[in-house]
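Trainee: Work out the full structure: start from the sequences and follow the hints.
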Amino acid sequence: MFSKGAPSRKQISGLAEKEARREAVDLAVGDLRKNLTQTADAGVQQVHQQQQQISLKEKEVRHLVKQAQRHTKQWTSTADAVAGTLKEYGDIQNYLEVLDAETAGLLADLEQLAALRRARKHRQQQQQRLQRLTQTPGRTQHEKLSPPVLRPGPHYTLSPRAPARGFLCHLARISSAKMADEHATALEHARSIVQKVKAFCVKRKAMRRHWIILARDILAFASGMRSAIMLDYISEPPPVIHQLLDSIGPELSHLTGEKVIHAQLDGCSYILRRSCVHSRANLKAWPLQHQQPAFIAFDTQQPCKRSRWALPEEVQGVLQALHPLAEALLNAEVDVVLDLGSLTVLTMPTLSGCLLGYPIVYLIDSHECGSAAASILSLEGQMLYQITSPCTVLEDLGTLDQDARTRAACMATCGIPQHLTDGVKAQEQLDGWLKSSQEKQYRGSWSLWGPVKLAFCSLHADSCTF
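At position 427 of the sequence shown the residue is numbered 427 (full-length UniProt numbering), and the sequence of numbers has no breaks.
Because the hints were derived from the structure by calculation, they are not lab data. All residues carry an ideal CB built from backbone N, CA and C; glycine is no exception. Among the hints, a few may not be true.
Label pairs and their calculated CB-CB ranges [unchecked claim]:
1) 405 - 127: 33 to 41 Å
2) 94 - 419: 19 to 27 Å
3) 28 - 50: 28 to 36 Å
4) 94 - 309: 25 to 33 Å
Mentor: Structure below.
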């Protein structure tokens, strides 16, 4: 029998179960603590490894940044060196071009000196020949040097003591000497114009490749081969063109005998001679066949759109539209850029043809007419006429290639529709234009230009703009 205060069997088994559960819980807690510890250790180790990888990446990035900085410095220094080399090359090129121009000028001066020496030798030979002709046997030295005696009568005649042949030779010698001096002076001014134009253009990138054409046009304008020139190939503003005209002003004034006018039309610069433009705009100066161009009009409203010779009333309208321009030129100031658009209603193609003295002028009265005319000409076969005349002053440079000489010799080009060349009018106009050019050449160009030639070829205009 159990005592009264001892635990029962049931209590003992309950305590045993509790103890077993406590041990199980302790084991589970220990396993959980162990697992958590292992997981935490693994996470810490992974974080440490990632930190090490980040540190390595940072080192690699820093190395790449330093390497890029070194490369950038090298590239910058290389670019600076290349820029300096290019600048040095440009300076050397400009210096060589200026030196080339000065060398050409020196050669031209030497050639001019040789020409003057030959002219002086020729004059000495003429004087010796004249002395041999005037000296006769048995005449005293005083009689040989005595001047010719004029005797009164219905017609004055030379005394037998002074043969007429000797007196005429004396006049011819004076005339030839004067012409030689004028020729040498004109050549000197022409060469000065070429040198100044080249020196002016080589300093400007936009004008450097156009100096030959610009020099050709200015010489043609100064010598009378052209009444005006259009600088549609120069994109410089008016002050630059004005500066160029100021630099060659003395030479132009000597060759032209008057001041020139700088004008603009639709953003394009023109150089005009007051007297030539005024004579072209004056009706009384136009009856001569070789001075009046042939006008070509367009039937843009007809079902069969074609080009044709202009009617007399259409030509009369063009001439009347030139009158305000002629009157304005009489009072124009040479230091002011003249706006042609405010002085006449003529469009640029028609006005340019009239001012520049081309043998063929297209009548274009509006932008729509210009577009229609361009489409008409693109469908019509054309004869392209090219008027050439070599410039001796430009050829004397000796540094121009064949292409530059060809461009320098081209005076004008004009296209005439094929069906209009069947008659005689086109050929008459071109022959008259050539005759006028030849007359101007012998009258005022002082042999700056060679013989004027006309060449033509068949051309199908795929595009034409006005």
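Trainee: Within 25 to 33 Å: is that where the Cβ-Cβ distance between residue 94 and residue 309 falls?
Mentor: violated, 51 Å
Trainee: Per the hint of 33 to 41 Å, is the separation of the Cβ atoms of residue 405 and residue 127 within bounds?
Mentor: holds, 39 Å
Trainee: Is 19 to 27 Å right for how far apart the beta carbons of residue 94 and residue 419 are?
Mentor: violated, 52 Å
Trainee: Tell me if the beta carbons of residue 28 and residue 50 are separated by a distance inside 28 to 36 Å.
Mentor: Check passed, 32 Å falls within 28 to 36 Å.
Hints 2 and 4 from the earlier list are contradicted by this structure; the remaining hints agree with it.
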